[in-house]
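J.: Sequence:
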Amino acid sequence: MASNLLVVESPAKAKTLKKYLGKDFEVLASYGHVRDLIPKTGAIDVDNGYAMQYETIARNAKHVDAIAKAAAEADVVYLAPDPDREGEAIAWHLAELLRAKRGLKNKPLKRVVFHEITQSAVKEAVANPREILLPLVNAQQARRALDYLVGFNLSPLLWRKIRPGLSAGRVQSPALRLIVERELEIEAFRPQEYWTVHLDSQKNTLPFTAKLFQYHGKKVEQLTIGSEAEYRKIFDSLSDAKLPPKVVKVERRGKQRYAAAPFTTSTLQQEAVRKLGMTSERTMRLAQQLYEGIDIGGGTVGLITYMRTDSVALANEAVAEIRGYIGDNFAPDYLPKTSPVYKSKTKNAQEAHEAIRPTGIARTPDSVREFLTVDQARLYEMIWKRTLASQMTPARFDTVSVDIRLGGDTTLFRASGQTLVFPGFIAVYQEDTDDSTEEDGGKLPPLEEGDVLPQDKLYGEQHFTQPPPRFSEASLVKSLEEYGIGRPSTYASIISTLQAREYVVLEKKRFQPTDVGRVVNRFLTDHFTRYVDYGFTAQMEDELDEISEGKRDWIPVLDEFWKGFHQLIGEKKDVDRPGTEILEEACPKCGKPLSKRLGKRGSFIGCTGYPECDFTRNLSGEVESAEDARKELGTNEEGTLILLLRGPYGPYVQLGEAKEGDKKKPKRVSWPKELPLEAADLGMALKLLALPREVGLHPESGKKVVVNIGRFGPYIGHDGAFKSIPKTDSIFTIELARAVELLAQKKDNAATILRDLGVHPDDQKPIEVCDGRYGPYVRHGKVNATLPKDVTVDELTLSQALELLAAKAAKGKPAKKPARKAKA
1433 MASNLLVVES PAKAKTLKKY LGKDFEVLAS YGHVRDLIPK TGAIDVDNGY
1483 AMQYETIARN AKHVDAIAKA AAEADVVYLA PDPDREGEAI AWHLAELLRA
1533 KRGLKNKPLK RVVFHEITQS AVKEAVANPR EILLPLVNAQ QARRALDYLV
1583 GFNLSPLLWR KIRPGLSAGR VQSPALRLIV ERELEIEAFR PQEYWTVHLD
1633 SQKNTLPFTA KLFQYHGKKV EQLTIGSEAE YRKIFDSLSD AKLPPKVVKV
1683 ERRGKQRYAA APFTTSTLQQ EAVRKLGMTS ERTMRLAQQL YEGIDIGGGT
1733 VGLITYMRTD SVALANEAVA EIRGYIGDNF APDYLPKTSP VYKSKTKNAQ
1783 EAHEAIRPTG IARTPDSVRE FLTVDQARLY EMIWKRTLAS QMTPARFDTV
1833 SVDIRLGGDT TLFRASGQTL VFPGFIAVYQ EDTDDSTEED GGKLPPLEEG
1883 DVLPQDKLYG EQHFTQPPPR FSEASLVKSL EEYGIGRPST YASIISTLQA
1933 REYVVLEKKR FQPTDVGRVV NRFLTDHFTR YVDYGFTAQM EDELDEISEG
1983 KRDWIPVLDE FWKGFHQLIG EKKDVDRPGT EILEEACPKC GKPLSKRLGK
2033 RGSFIGCTGY PECDFTRNLS GEVESAEDAR KELGTNEEGT LILLLRGPYG
2083 PYVQLGEAKE GDKKKPKRVS WPKELPLEAA DLGMALKLLA LPREVGLHPE
2133 SGKKVVVNIG RFGPYIGHDG AFKSIPKTDS IFTIELARAV ELLAQKKDNA
2183 ATILRDLGVH PDDQKPIEVC DGRYGPYVRH GKVNATLPKD VTVDELTLSQ
2233 ALELLAAKAA KGKPAKKPAR KAKA
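Numbering (this note's numbering), first residue to last: 1433 to 2256.
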């Protein structure tokens, strides 16, 4: 039996560390958090020093028992969860559970932190353990308590005042406010017309364009020329100029652009969204895999340092290694004399000691690509390049600005251009930003003061001011960081919660608030203004930082928050229900006033005389009263009536009338979203009701190939496999050959494998966790089983996977979920 026990969070990391530490160490995983507050009111005793009632998380109970058993037989216990507040809290909870189970028996218990999973770093960390830092634990306990107190007290108020199932979070609500306020700003925006005046000219047959920036001695701003009439006046004046354009000033100067700092958690998420099209959640999951270790042929090794950090600093030995690599692989001009130093702009610093970087710069993306999934390789390459570029010399440009006189000494056009003289860091990596703009102009001809130029073309361009853009995931993460809302490690969960609660939707990669999100935000900003205030939320983060640094006690911080919040909850119990707005319009059916209200499907216009009057219409003006929610399209060959009806989830066609007391419902098919409702006729309805349509037998398997419309649109089905039908093909006309071609494409696209769980005990075939279109799933042969929402990729065990696969394989039986985490 091993004399030492080391406990980490994930089984992947445990497997890697076991190889490094050898037979003297037993390495076990806690599978994440081991304890949480009991999932009911009263878990925090606000009248007794904010005592917190914890319980072991059900799905991890067996892992805790295994750890306690191994601890009882070990000589020394090392606790090595992740190196942040959350990891420190997990270590503390493990220690408390082990003491309660008498698994320690006065044995040494030590805290170990790994900032990178390499053999040398791991052995050095184990050789230099420390005690559990209670300030970090208390900061995490305070955060959990604050979130609990807000959720368990504010959410029920939303259920009563708006609708059941809603939630409000301490950091989620200010994030929603950001999105709603941006949308209101866009709606209130009124575009303004403005004009720009341009001059096309040339020298030595090299054309260029200049823009009017000074007219009669006054600077031309964006909105200076506000109408076509004003532009015409200027144009006519310049057109009548007797003298040709003349260069009156040429200004040349050198310009340097510096590399961006190495990645922090926040900037990694932003850049992965922009460059790689990955969500924050997926980015962090892939980064976790790279950190915990990948088998790259010579053994498993962590490829990057810890990925939850706000630091932009690099360890001295890492800087020396990177500078050595640059010196060996680039010309001398690419290596600066001294290493660049970066300072964090983040409001609150997190507890990791350096930025995200490769654990070895010599481990190039090309050298490890064959061992990684496609997305792992893309993310690693981006981290590797950004780190390398951060230690290289700036890019150098030659810029030139030319002023050209036309129609008088006080009327000037300006042309700008630049030329890249030395690429520096740009040779390796260039940062993307949401608000990035191209550098001014391209290359200009060699212009000198006194040059007289031809006036090839004088013209104007009409423009209109644009509203601020909606938030993308990258720009939302950036704003959350700037305002100090939450922590970078929580951004992914904040965003996913807003979408899961249907407060926001992602349209064309931009967030838009739903009607429900607007009503919730208005209720919170009207009645709980302080608690969704950006400054207050940032102040709470500052106070949590002070707790983690040992500067403040966590109980007084909780007490100060709770007293004011609890009093406000009591005061707001009797406020009016939000979401109802009386309109100055009479109901066309009964004459009573109409009102704008919030329903299950969003906002709508309804009669205040409900339920006596059932008149409703949507916001676009389309009437949805009972009489108009039904349309008879005709009959089929058997004489059965075909109806177009409206349901809770949109319009649909129905074959025959629904008879009262008849358990069997008539056949119904949803009306496709891509087809305009105005085009609804009997022919299209009959085509829809004829689905599913058999297109023939597959030439290889001899089994049926059918087409149908499912939850996610038109698809092809064959032998348990499904393939979406592209918009370029029609479900009603697609033929067998095309369907077989599309099905073959599905086979060619290999799934992204997230984890290898091992082999199935029956046939020794691999069991893998893959990333699918609709989320992660576990795969064994041809059997795929979707992971339950409350089980993460890292938490899934082989035994749980076997349960899911067995249930999926049993026809007609629902997949059995692994033990669920109790919900707060």
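Derived from the structure by calculation, the hints contain no laboratory data.
Quick caveat, the model's predicted, so the values are computed rather than measured.
Positions of the beta carbon are idealized from the N, C-alpha and C atoms, including for glycine.
Do not take every clue at face value.
Unchecked claim - As a list, the in silico BS3-like pairs of lysine-lysine whose alpha-carbon atoms are at most 25 Å apart:
(1) Lys2119 / Lys2099
(2) Lys1681 / Lys1537
(3) Lys1494 / Lys1447
(4) Lys2105 / Lys2063
(5) Lys2197 / Lys1447
(6) Lys1537 / Lys1501
(7) Lys1775 / Lys1817
Claimed, not checked - Distance windows between CB atoms, simulated:
(8) Glu1863 / Thr2040: 34 to 40 Å
(9) Pro1901 / Pro2020: 22 to 28 Å
(10) Asp1727 / Ala1493: 40 to 46 Å
(11) Gly1967 / Ser1771: 33 to 39 Å
(12) Phe2164 / Arg2078: 55 to 61 Å
(13) Ser1771 / Asp1888: 20 to 26 Å
(14) Asp1727 / Pro2193: 54 to 60 Å
(15) Lys1555 / Ala1504: 41 to 47 Å
(16) Asn1560 / Pro1768: 31 to 37 Å
(17) His1895 / Ala2169: 49 to 55 Å
J.: So, for every hint listed, does it hold in this structure?
T.: Cross-check of the supplied hints:
no.: 1; hint: Lys2119 / Lys2099; verdict: holds, 13 Å
no.: 2; hint: Lys1681 / Lys1537; verdict: violated, 84 Å
no.: 3; hint: Lys1494 / Lys1447; verdict: holds, 18 Å
no.: 4; hint: Lys2105 / Lys2063; verdict: holds, 18 Å
no.: 5; hint: Lys2197 / Lys1447; verdict: holds, 20 Å
no.: 6; hint: Lys1537 / Lys1501; verdict: holds, 12 Å
no.: 7; hint: Lys1775 / Lys1817; verdict: holds, 20 Å
no.: 8; hint: Glu1863 / Thr2040: 34 to 40 Å; verdict: violated, 55 Å
no.: 9; hint: Pro1901 / Pro2020: 22 to 28 Å; verdict: violated, 39 Å
no.: 10; hint: Asp1727 / Ala1493: 40 to 46 Å; verdict: violated, 31 Å
no.: 11; hint: Gly1967 / Ser1771: 33 to 39 Å; verdict: holds, 37 Å
no.: 12; hint: Phe2164 / Arg2078: 55 to 61 Å; verdict: violated, 23 Å
no.: 13; hint: Ser1771 / Asp1888: 20 to 26 Å; verdict: violated, 50 Å
no.: 14; hint: Asp1727 / Pro2193: 54 to 60 Å; verdict: violated, 23 Å
no.: 15; hint: Lys1555 / Ala1504: 41 to 47 Å; verdict: violated, 26 Å
no.: 16; hint: Asn1560 / Pro1768: 31 to 37 Å; verdict: holds, 33 Å
no.: 17; hint: His1895 / Ala2169: 49 to 55 Å; verdict: holds, 50 Å
Consistency with the previously given hints fails for numbers 2, 8, 9, 10, 12, 13, 14 and 15, ordered from lowest to highest.
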